[in-house]
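Q: All chains should be modelled from the sequences, with the hints used to inform the complete structure.
Protein chains: 2
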Amino acid sequence: MGSLGISGLAHLFGVLAFILLLVWLLHYREGIEYDSDNGFRVFNVHPLLMYSGFIFLAGEGMMAFQTIPSERRVRKFVHMALHLIAIILGVVGLCAVFKFHDMSHIPHLYTLHSWIGIATFCFFGLQWLFGFGVFMLQGASPATRAKVLPWHKVFGRALLFLAVCAAETGLMEKHSFLQLKPYQRESYLVNFTGLAILLFGAFVNFSIVIS
Amino acid sequence: MGSLGISGLAHLFGVLAFILLLVWLLHYREGIEYDSDNGFRVFNVHPLLMYSGFIFLAGEGMMAFQTIPSERRVRKFVHMALHLIAIILGVVGLCAVFKFHDMSHIPHLYTLHSWIGIATFCFFGLQWLFGFGVFMLQGASPATRAKVLPWHKVFGRALLFLAVCAAETGLMEKHSFLQLKPYQRESYLVNFTGLAILLFGAFVNFSIVIS
Numbered sequence: 001m002g003s004l005g006i007s008g009l010a011h012l013f014g015v016l017a018f019i020l021l022l023v024w025l026l027h028y029r030e031g032i033e034y035d036s037d038n039g040f041r042v043f044n045v046h047p048l049l050m051y052s053g054f055i056f057l058a059g060e061g062m063m064a065f066q067t068i069p070s071e072r073r074v075r076k077f078v079h080m081a082l083h084l085i086a087i088i089l090g091v092v093g094l095c096a097v098f099k100f101h102d103m104s105h106i107p108h109l110y111t112l113h114s115w116i117g118i119a120t121f122c123f124f125g126l127q128w129l130f131g132f133g134v135f136m137l138q139g140a141s142p143a144t145r146a147k148v149l150p151w152h153k154v155f156g157r158a159l160l161f162l163a164v165c166a167a168e169t170g171l172m173e174k175h176s177f178l179q180l181k182p183y184q185r186e187s188y189l190v191n192f193t194g195l196a197i198l199l200f201g202a203f204v205n206f207s208i209v210i211s
Numbered sequence: 001m002g003s004l005g006i007s008g009l010a011h012l013f014g015v016l017a018f019i020l021l022l023v024w025l026l027h028y029r030e031g032i033e034y035d036s037d038n039g040f041r042v043f044n045v046h047p048l049l050m051y052s053g054f055i056f057l058a059g060e061g062m063m064a065f066q067t068i069p070s071e072r073r074v075r076k077f078v079h080m081a082l083h084l085i086a087i088i089l090g091v092v093g094l095c096a097v098f099k100f101h102d103m104s105h106i107p108h109l110y111t112l113h114s115w116i117g118i119a120t121f122c123f124f125g126l127q128w129l130f131g132f133g134v135f136m137l138q139g140a141s142p143a144t145r146a147k148v149l150p151w152h153k154v155f156g157r158a159l160l161f162l163a164v165c166a167a168e169t170g171l172m173e174k175h176s177f178l179q180l181k182p183y184q185r186e187s188y189l190v191n192f193t194g195l196a197i198l199l200f201g202a203f204v205n206f207s208i209v210i211s
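Order-wise, the sequence lines are chains B and L.
Residue numbering for the first sequence follows full-length UniProt numbering, starting at 1 and increasing by one per position.
Residue numbering for the second sequence follows full-length UniProt numbering, starting at 1 and increasing by one per position.
Check the hints yourself; a few may be wrong.
Unchecked claim - Dumping the calculated DSS-like pairs for lysine-lysine here, alpha-carbon to alpha-carbon at most 27 Å:
hint	chain 1	residue 1	chain 2	residue 2
1	B	K174	B	K76
2	L	K76	L	K153
3	L	K76	L	K147
4	B	K174	B	K99
5	B	K99	L	K181
6	L	K153	B	K147
7	B	K174	L	K174
8	B	K153	B	K76
9	B	K181	L	K174
10	L	K153	B	K153
11	L	K181	B	K181
12	L	K99	B	K181
13	L	K147	B	K153
14	L	K99	L	K174
15	L	K181	B	K174
What the hints contain is simulated information worked out from the structure, not anything from laboratory work.
A: Put into structure tokens, the structure is as follows:
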């Protein structure tokens with residue numbers, strides 16, 4: 001099973017997680033709307049954009065060198081651009097949860113999920129700036145670029161791991177807040193969404209390893 | 001900064017997480033006792049053994065090839081033995097949470113944490129059996145062993161990632177069940193324990209990558 005087969009599985013679980021998330025937020029929850037008077041509709045922008053905007057696009061960006069059938073220059077541009085869009089959508093997703101907290105008078109950044117999430121996002125931003133300066137603008141000599149590339153990859157994979165960890169703790173937190181009962185359909189839906197995100201992360205990781 | 005420096009940081013965060021966990025369970029919670037009538041004392045065996053027994057020993061086992069100052073044969077044995085002890089202590093830790101559920105009439109295996117945890121443990125057992133058969137008993141030819149070794153490493157690192165993810169979701173779950181308030185000391189303690197476990201996992205990973 002080659003790199004393309006494994007990235008195919010990554011796409012599959014990535015899209016599956018997106019669909020499960022949409023069903024959850026639109027059918028079982030209050031729906032999704034940034035400019036709403038209903039705080040829960042505002043909140044729901046957060047899981048949607050943090051996964052489908054941030055994690056999914058970043059994962060696809062990481063695999064771009066294997067999946068884009070074009071020359072290296074184009075792949076590199078797609079890699080950079082997908083990560084940039086991921087960051088922009090991630091910022092909107094973060095704003096949504098801060099807005100929800102303000103609307104509902106909930107303090108910010110006190111749970112483990114929020115700590116992992118905000119740390120991941122900051123390091124991700126730094127990693128993007130570093131990559132843009134060194135590899136896109138070629139702010140370093142070819143020898144230095146070749147030397148730092150393995151580290152760029154190692155940190156990128158560690159950040160994907162952190163981002164998935166943030167998603168899992170976030171789903172866990174919401175599951176507890178909602179006091180979902182065992183054997184309740186919504187409980188299974190949230191858990192399967194978490195598993196799909198986990199498998200997306202695992203297959204992105206494997207597809208990069210074997211490429 | 002060499003592999004030994006990075007594994008030094010891994011030891012540091014690993015021991016830090018162990019101390020924070022002990023302070024939490026002994027000072028803020030009910031204490032730790034498998035044969036107790038107090039269900040919470042039984043439960044507390046679970047986080048203690050799943051982290052210090054399972055994750056910490058498995059992580060140390062993964063780094064044994066860099067950290068044990070001896071010949072390869074000894075390192076390999078320590079690698080295998082630490083993982084075996086990790087599995088045995090992990091089984092006791094799992095029994096503790098099942099016993100607590102039975103004592104408190106809570107259903108088993110309905111949260112995302114439990115799904116990730118039990119899947120990790122099963123795959124970990126399979127990985128150990130595979131490794132024992134192929135590398136310790138040398139049940140495969142040297143050529144085959146050389147071919148599967150990179151996959152053994154990749155899966156091992158993915159399992160460490162899953163185990164850390166299980167720990168983070170577990171801490172998150174307990175944090176929510178306890179309804180810890182923001183800016184409460186115990187809340188910070190649980191979060192810092194989670195961060196220390198995360199950093200232990202990250203530095204174990206980095207130390208293996210650069211070795």
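Q: Taking the hints in turn, state whether each one holds.
A: Going down the list of hints, with the structure as the test:
1. Restraint check: the Cα-Cα separation between B:K174 and B:K76 comes to about 36 Å, which exceeds 27 Å; the hinted pair is violated.
2. As the CA atoms of L:K76 and L:K153 are separated by approximately 13 Å, the hinted pair is consistent with the 27 Å bound.
3. Under the criterion of a C-alpha separation no larger than 27 Å, the hint pairing L:K76 with L:K147 is consistent with the structure, at around 17 Å.
4. With a C-alpha separation of about 17 Å, the suggested pair B:K174 and B:K99 falls inside the 27 Å cut-off, and the hint holds.
5. The hinted pair formed by B:K99 and L:K181 meets the criterion: a straight-line CA distance of about 20 Å does not exceed 27 Å.
6. For the hint pairing L:K153 with B:K147, the CA-to-CA distance comes to about 23 Å; that is within 27 Å, so the pair holds.
7. Taking the CA atoms of B:K174 and L:K174, the gap is about 13 Å. The hint holds against a cut of 27 Å.
8. As the CA atoms of B:K153 and B:K76 are separated by approximately 13 Å, the hinted pair is consistent with the 27 Å bound.
9. Restraint check: the Cα-Cα separation between B:K181 and L:K174 comes to about 16 Å, which is no more than 27 Å; the hinted pair holds.
10. This hinted pair checks out: L:K153 and B:K153 have alpha carbons roughly 17 Å apart, not beyond 27 Å.
11. The suggested pairing of L:K181 with B:K181 holds, with an alpha-carbon distance near 23 Å, which does not exceed 27 Å.
12. Among the hinted pairs, L:K99 with B:K181 is consistent with the structure: their alpha-carbon atoms are about 20 Å apart, no more than 27 Å.
13. With a C-alpha separation of about 23 Å, the suggested pair L:K147 and B:K153 falls inside the 27 Å cut-off, and the hint holds.
14. For the hint pairing L:K99 with L:K174, the CA-to-CA distance comes to about 17 Å; that is within 27 Å, so the pair holds.
15. Proximity of L:K181 to B:K174 is assessed by CA-CA distance (about 16 Å); at most 27 Å being required, the pair is judged to hold.
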